[in-house]
Structure formats: structure tokens, C-alpha cells
Amino acid sequence: MSESTLRIGLVLPDVMGTYGDGGNALVLRQRARMRGIDAEIVSITLDDEVPDSLDVYTLGGAEDFAQRLATRHLSEHPGMQRAAERGRPVLAICAAIQVLGHWYETAAGERVDGIGMFDVTTSPGPERSIGELVTAPLLEALTQPLSGFENHRGITALGASARPLGSVRHGVGNGTSDRVEGVVQGSVIGTYMHGPLLARNPELADHLLQQATGTALAPLDLPEVEQLRRERLAAAR
Amino acid sequence: MIGGLVAAKIDPSIMARLADGKRTVLVTGTNGKSTTTRMAAAALADLGEVCTQADGANMDAGIIAALSLARSAPIAALEVDELHVPHVADATSPEALVLLNLSRDQLDRVGEINAIERRLRAGIEAHPETVVIANCDDVLVTSAAFGAREVVWVAAGSGWVGDSVSCPRSGEPIVRRGEDWYSTGDEGFRRPAPQWWFDDENIYGPGGFRARLTLAVPGRANRGNATQAVAAAVAMGADPAAAVAAVGTVGEVAGRYGSHQLGEHRIRTLLAKNPAGWQEALSMIDQDADSLVIAVNGQVPDGEDLSWLWDVRFEAFETMHVISSGERAADLGVRLLYAGAEHTTVADPLAAIESCPPGRVEVLANYTAFRDLNTALERAGAQPLDPAAAPETQEPRR
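Chain order of the listed sequences is D and C. Numbering of the first sequence is given in numbering that gives the first Met the number 0, commencing with residue 0 and proceeding in unit increments. Numbering of the second sequence is given in numbering that gives the first Met the number 0, commencing with residue 0 and proceeding in unit increments.
In isolation and in its complexed conformation, chain C is listed as follows (with noise of 0.2 Å):
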């Protein structure tokens, strides 16, 4: 990351130079960046070699970092923050962009998510050479893709419509109905026909395509994730089958739904980094678990504004014990006093898990809680389980 700054400042056309004759599929959106470039990494593999960030560092010094260390791969899959998605295209004059979704993340710290659509707008506007794999679920997503030259639409699902009530075209209204949506002050702005989706066993493609989806990860949304994945791989030139296949061997992403065993209790740890992706996380919590530890920090890149507690719908744990932890703890511990749900607090999330009765403990925490936590369980000695090997995960096989 360091020597990516460093090489920037010596040389500001760098991250043009070694993206030079790849081809490249930058990968970006509020939830799922990492995941879903792992698996279109996964799914490119067949076509030959592919560049990648092994870390989720996804703005410049990341993506030089990456590209430097595999100077020979004829193809990269990267992730990309969405702010930094139009100058990225402009070096790598990517072959495929995926754009998953569009939501707020910090309050605190991010302008509006409008100006942040428009922003995506432009850039795509500037690069007809890229096909874009874009979320017709997601108002703002299909905004910014909209008048693309060439455009793949993905119902990769949607579960926070909070921030796409009005249209990012014209201001006025957006209605649903069912699946459906449409601008009431934009005819010709409505919800595209998807040429891919999927359901809880299949995903669908063009030319009826149809392919069991069997994942590694949990949660529908890493499902939707999935597909827009194989979309990208397929559009850049992949066999459907063989990407379907290779995405599902993705498993721990970063740390993220990953397992570990220590002492008496066997952890698995999500990590949720705003709204969208707490109530997100929420489903993929196994209520059959022994226990739950709930982490919360508000340092600078979590977001110091916790408002947003309030968005997710902690109802949903009013029967099961929750234990409040993370250096917020107070915050979430008057967020569940109010949702009716039991818990205690223990601050330090290693202690929280500590305190809980032997068996298995879901761990769910925001961003620097869940990376501090993740340094803590490894100076602790916690052993590392295959999270693939998990009985535990939300999908079930058939």
C-alpha cells in the first residue's frame, strides 16, 4: 500500500502504465465490493492468469499495489471505491465495470448519495468501450448505468430501499410494485428487464441458462453478489458454467464469515459497515446459535454518527440473548432497551465472547471493531476453522 503511494507520487501515470493491455473488470458499489471481485477473480481464472487486491484496499494505493505485484497477468478483476471509480476507469479503460449498489455509508462522512450517482453517471458516460454489469434491483445503480452504450442488467436483489424513495433523475417519486419499479416523473426511467438472476437454487442467464448456485458464503445477498459476477466473467468472455462453479468456492473474504475455534467456543464473525449492510448481516445470523455478540465502534472510518442503529431492525432479536459490546456499546445497549431485546454489555468484544456459554458464538460487529477483534482472536491463539466445512451457514444445500 505504502510502496502504491509512493510510486503515485514519483509518477502520477502509473496506475495507467501497469493496467496497460489488461483486461480489466473494476468491480464497485456501497456492499459486496470485496466479495464479489474475489469471485470474479475466481471466475476469470479459466482465461488466464488474474490480478486482484488480497486485501480489500481499494482506492489508488491499493489498486497500483495489486497491479505492480502481477505485472505479467494478462487480466485483472479490481475493486474500486465509488468515489474513485471515474479517474480508475480512465487509467484501466476497463473492459467491465459491476456496479452492485448504491446506499449511504457513514453519515458523518459522506456527502449525498445522489452526488455520488451522478458522479458514476459521468464516469460511465465517458467510457462507451465498457460494458457495464449493473443492478436493476437498485434505483440508483440502474441511474448511473442507464444510458451506458452496452449494458448487462443483473436482479441481484435489493434489500435497503431507503435511499432511492425519489428519483435520481427528476426528484419526484419512485414507485414499487413487487419486483417492478418506475419513475412518476421520468417515463421512460423504469426497472430494465434482467437478463440474469437467481432464486434460493439457481441462477438464470441469457439463452435459458440455468445453473445450480451452490456458495460457500451466507445470505442472499452474496447470492445476488454471485451473479453479477458471473455476469462480468461472462461478458468477458467465460464459460456460464464453469463461472458458476468457480464462484462457489469463494469463502472467507478478509476475515469476513470467517470461523474460529478457541477455548470452548467456536466463532464465526461477520462484519456489517453501514445500514444496508447491518440489515443484511442481521439475516445471515443463525438464531439457532448459543450466542450473539453485537460489536459497535464510532472511530473516523466507522462513522462517529451511530444514528443508524436505529435504521436496522434489532426487533428481530427478542428471543435471543445479546450481548452489546465495542466501544458504543452504550449506544446499541439503549438501541436494544428499546427494541424489547435481552442483553447485557460487555465492552470488550474478546470478553463478550469470553462470557458466553460454551457452544457457538455469531459475532457481528462494525468495521473496526470486527478488524480489532480479529487481531485480539489471533494473539489469543483462536484457530482458524474452513468456513466452507461450516454446518452453520444461512443457505441450505439440496
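Same shape as in the complex, but just chain D (with noise of 0.2 Å):
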């Protein structure tokens, strides 16, 4: 945290913003205020430059056109790229997650470059792959099962250089043979789970804000969190 407020970019929920996945910078927002730290949503939105100062970043869905100007935006404006190469986290959710990578091919077959911050490439799967969807981490730093619900027809191949966020339990993910969910590379996280994410996975969410502060941080106590991660993994079965 280089100020005494953690600063949450919101990057471009003008075009990124479809799947309510806005909601994981303000869980982040949230946590951080329930322990007394100071923090607050940097929104970027096509008007503005990226800037490489901010704290944690997080990009959410998008359909077709809208992730083409997000990619535009990004190579012109690579202040995110730069955040990132000094270990700053950035969580890219769903179409984030193509537009992080080498190239993504649209349904119509057309090969569109991303940034290539992942080293994955994306394809379009035969069907699209919506419901709950649940893995078991393979983060170190995580010991709960994943929850999302996943809306994307996007396969997902992992290069030398990435891991995999979980293995599924239920659901699809990356809809490659190996049953693999999500992209780790560095301090990046991509993963196909809306619902928002942070929303469901607070473990998740307090391990970003942890690399963001820099400082260990105390469970939150929070029923109703627990409650609803009980009924979504419940649905899954």
C-alpha cells in the first residue's frame, strides 16, 4: 500500500462490467473497510489512462465488441502491465481472461490479439458452458473450495508459463481434458467465476488484499457469507 489508502481499480466497467463483476472491487473495498483500513474504487473507464500506482486491480465479463476495446485500451495504456511485472495483484474474471492472453478466437472464427499478460490462448467450445460451477484451489495460500457460477464458451488452453486456479469439482472451466478452472501467472488471477466471486470466496478475496496491504490480516466473522457459500455449493451437487 504505498499511501495510507488502498486504492481498488475498477478497470474499464464500461465496457468490462456485464456480469456484475463490478461487486469484487467493492467486496475488496468492504473487507478492507471492516478492519479499519482506508480504501477506495479507482474507476478507469475508456475516457482514462491506467494508471500503474494503484493497489490491486480487477477486470470483470464482457461480450465481443466491448472486450476488443478494452484490449485496444490495455496495449495503449499498459499502466495495469506495468502494476503487474512489480507483483501487484489483478484479478481478470471471464472474457478478462482473453483479453489477458496471447489471442482469443470469436465465435465467428476471427483470431483477435489480447494483451498477453497470460500465457494462455482461447478458443470457442462447441456449446456455451453455464451453472455453478466449484473447484478445489491449487493456490498454496488457499484451503476452501471455489464457488462461481461460469457463463462462457471459451476454452481456455494454459501455456508453459501458467498454472490453473483449481480443478473442477463440478462444472466445466477451462473445457480442457485435464479439468482445470482459472490461470495463475505471478500476482495474476483469471478465472471464469462470476457470481461475483469475492462475493463467494471471501478467503479468496482477503488473500488479494493480504498481497495488496502487504500486511497479514484477521478473519472477518461474517454468517451470512458462510450461509450463502453453503447454498451454492449445495446447488452444485
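It should be emphasised that the hints constitute simulated quantities derived from the structure, not laboratory data. Source: prediction; values computed, not measured.
With the Cβ distance kept under 7 Å, some of the chain D side facing chain C (calculated, not the full set): (1) Asp-13; (2) Val-14; (3) Gly-22; (4) Val-26; (5) Ala-65; (6) Gly-194; (7) Glu-223; (8) Val-224; (9) Gln-226; (10) Glu-230.
Here are the simulated distance ranges between beta carbons: (11) C:Pro-11 - D:Ala-135: 46 to 54 Å; (12) C:Glu-353 - D:Glu-48: 49 to 57 Å; (13) C:Arg-148 - D:Glu-48: 43 to 51 Å; (14) C:Arg-148 - D:Ala-156: 45 to 53 Å; (15) D:Arg-81 - C:Ala-114: 31 to 39 Å.
C-beta atoms are modelled at their ideal positions from N, C-alpha and C, and glycine is treated no differently.
Join the two chains into one complex using the hints; note that each chain is given alone, in its own frame.
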């Protein structure tokens, strides 16, 4: 945390905000404030340059046209890429995985370049994967199952530099034969989980916050969040 | 409905034959179809008997059922699901088509909104005989209607711009400057000048027409709906002043905005089906009411993905105690928790209402929660109240 306030980047909510994923930034802010840490959301739109000075970055899902606008903007203003090279955490949801990869292929068969932060490529699958998604986390810091709602047609193949975020217990995930979900590369995490992700997975939210603040955080006792997790994990059986 | 389905199975051309000879207006869009159709039917009644759906059933079976119940009516005002417009237009050769707004419906059920816009655009291009009454504040609606031979543009408002940040014709950004908007990728594509518009008091139309617009249903979105209904009726030959008076008589629509008395509670129910509808419905909630119950289900008709709850600004209820209810009360509870809104959870909506202190209770619910609550209210013996007489409508009478 560079100053006394934690600054959370909500990257391109005007184009990458189709599925409530702005909630991830909100959950980070509120969980910081619940521990007495000043926190604010910095919304970065197509009208803004992307600063490299923020403590954590979040990106949401989008549809095809909007995905291209986001890719172009992030290439022209590579602040988030510089921040990630310095170890700042970045969370990329759904289409943002594709934007952050080497390239993705559209449903019409066109190959569109991404910004190359993830060593992944994405091609369209035979049908959309829609429904509850549960994985066992492969990130060392996490112990609890991850829960989310997937709605995508992309099949994402990981290259040698990328690791999966979780191992699929229910649902489809990346759509490759090894039944894995998501991407981890350095401090950058990608996943197909909406919900929003951090509303359903407080352990991951706090992992990102600890990376962003550089300090260990005491757990929060929020029974409603646990109730939601129980319900959603049960719904996936 | 079942009758309509059976009829279509026996004779696939039945919709066309039932509509033959009728002067038809179709009403479509993501939100406001039922209310606007009811308003258009009221405004057209001066021209003759109007055939319309009583129940908001807006796919083939519901349309056929409505048409077959009013064979002799010379006019039809039909609400049509967005995806059904092209073939319903082929069957009915409508005189007018009202395009209200286009935004995402259930996240997990409906494909890309841009694909829906392109289908509507193609459907309109196939019907040069139809005058299109289109909302020029909605970028996607404007794109669908832009190439129509005859368009009446209405500034009906747009409360939700999240689905139209990119130009549906070029993919480039849409720039908004006040009311105006334009595409940065297609020079000719920008907001057309409206022939009809409204403000908090009046409706304005061609030739300097101006009249007081007083509605029995709440909210700014319904003033936009009423303006489009009037524009459609006038395009079909109705008198403007009479049309404005007629749309003001439309109150409860299929239980939406309905008020009930149950024991010590005066209950007003609001239906919201999708993100744009929720944001609009939140603006209709009377913050002076004694209690607020919000009920959310996640069944297939509602959409099983409730992520959109996070696109709705529940932060507005920091000052009002909310009871989180419905089958997905836990999802809503977590949303309210992080919104900083004081709340409790009572999963059953009727029990949630009964747990409120005596007085006025506002209830906001999504589709199946709303439907099931109305059934439960009826079983519990709740007395319907005249919505037009309710003092808490959002628009002040001046």
C-alpha cells in the first residue's frame, strides 16, 4: 500500500462490467474498511489512462465488441501491466482472461490479439458452459473450495508459464481435458467464475487484500457469507 | 394459452388468419411491454374495439389466444417477446411497431443483446409498411429502427446504459454528452431528434402539441412508456389529447404496482425482472414507507445467475431497513451486507411482510417471487386496493 489509503482499480467497468463483476472491487473495499483500513475504488474508463500506481486491479466479463475496445485500451495504456510486473495483484474474470491472454478466437472464427499478460490462448467451444462451478483450489494460500457461476463458450489452454487456479469438482471451467479452471501467473489471477467471485469466496478476497496491503489480516466473522457459500456449494451437487 | 398452442399445432398459419384485416400495433422491448401495451390499447379504444392480451403472455400461444378471443375487433394491440417480433410481424403485417428499450435480460438464458438487435433490425427491414415508434434515447433500439422507412422517434429515456457502450454498428465506443449520443465508428449514427418527449409535467409532440401527462402508475420509465403509447396511437389516427387522457387511466397491470390490505399492513408490490428493471423499480420505492421487503428467487424464469444484484445500486437503502426475502435471500443478504444497508432475512415473502411493523410495506420482487407472493396474498385473504387511489405514487400530482 503506497499511501495510507488502499486504492482498488476497477478497470474499464464501462466495457468489462457486464455480469456484476464490479462487485469484486466493492467486496475488496468493504472487507478492507471492516478492518479499519481506508480503501477506495478507482474507476478507470475508456476516457482514462490506466495508472500503474494502484494497489490491486479487478476486471470483469464482457461481450465481443466490448472485449476488443478493452484490449485496445489496455495495449495503449499499459499501466496495469507495469503494476503486475512489480507484483501488484490483478483479478481477471471470464472474458478478461481472454483479453489478458496471447489471443482469442471469436465465435465467427476470427483470431483477436490479447495483451499477453497470461500465457494462454482461447478458442470457442462447441456450446456455452452455463451453471454453477466448483473447484478445489490449487493456489497454496487457499484451503476452501471456490464457488462461482460460469457462462462462457471459451476453451482456454494454458501455456508453460501459466498454472490453473483450481481443479474442477462441478461444472466445466477452462474446458480442457485436464479438468482445470482459471489461470495463475505471478500475481495475476484469472477465472471464469462470476457471482461475483469475491462475494462467494472471502478467502480469496482476503488473499488479494493481503497481497495488496502487504500485511496479514485477521479473519472476519460474516455468517451471511458462510450461509451463501453453503447454499451455492449445495446447489452444485 | 394452451388453446393457442393447440391451435398453432393444428394450423401453423392461424396467427396470420386471425390477424388478417386487423389494424395491429406490436409492442416490444426488454422492459415495460405489458404496461405500454395496456396504454396503447386504451389510447386506441376511441378508434374501435381493441384486441389485446389480458395476461402479458407475449409469445405465439398467448398472441393466438388473444386474437381468437376478439375475432370481431378491428384493432389489435399486442405485446411481443423481442425474439418473436420478426415472425409475428410476418404474420400480422403491423401498422405500427413500438420499440421501447433493449438491455440484458437473465444473464444465463439470453444470448448477446447485440444479436437480438440485429434480428429486430432485419425484421423491421422486412416490413416497410410498418411505422416504427422508437426510443431514440436507447442506442440499441435506435440501431434496430435506424433503417426503417418511417420512424417516429420518441425521447422515452434510458435508465440503464451499461449494455450500449459500444456502437452496435461498428463496435467503436458510443460517446454520450448530456442527452445526445453518437458513435465514434459510424459518422451517420447518432441520436435522432425526437418528435415526442416528456418531462415531469407534460408530454410534447409534433406541431407544438403539449398536454399535461398524469399517470396512475409510478416512475419515470412509465412516463416514457406512456409517451411511446401516445405516439403509436396518434400514428394510427387517434386524437392526441384523447390519447394522453386515455393512457392516464391505466393503473394496475397484471398485479404490478398493485396495492393490498392484509391485516395491519398496506402492501404495494413492484415487479422487477432484470437489471434495468431493478434499477428503475428502486427509484419507484417510497422511502417514507414503514418497511421494505425485497424478494429474490433464482428459478429458470428468473435466471439462475444472480450476479446482476451487484449491478443494482442497493447503497440507496442505507437509511431504510430492508427485509431480504425469497429463495435466494442469502445472495441478496450478502449484497446488502456489502452495500452497508441495514437488513434482516425472512425467507418466506408473506412471513416477511407479516414481520413488519403495522403500516405501509413496499415489496419489490423478481418474476417467480412476485408471482408466488400474489398467489399467497390471495390465499391469505388480502384485499386489493385501487392503485390510482394510493397516495404514495412516485410522481407528484401537480
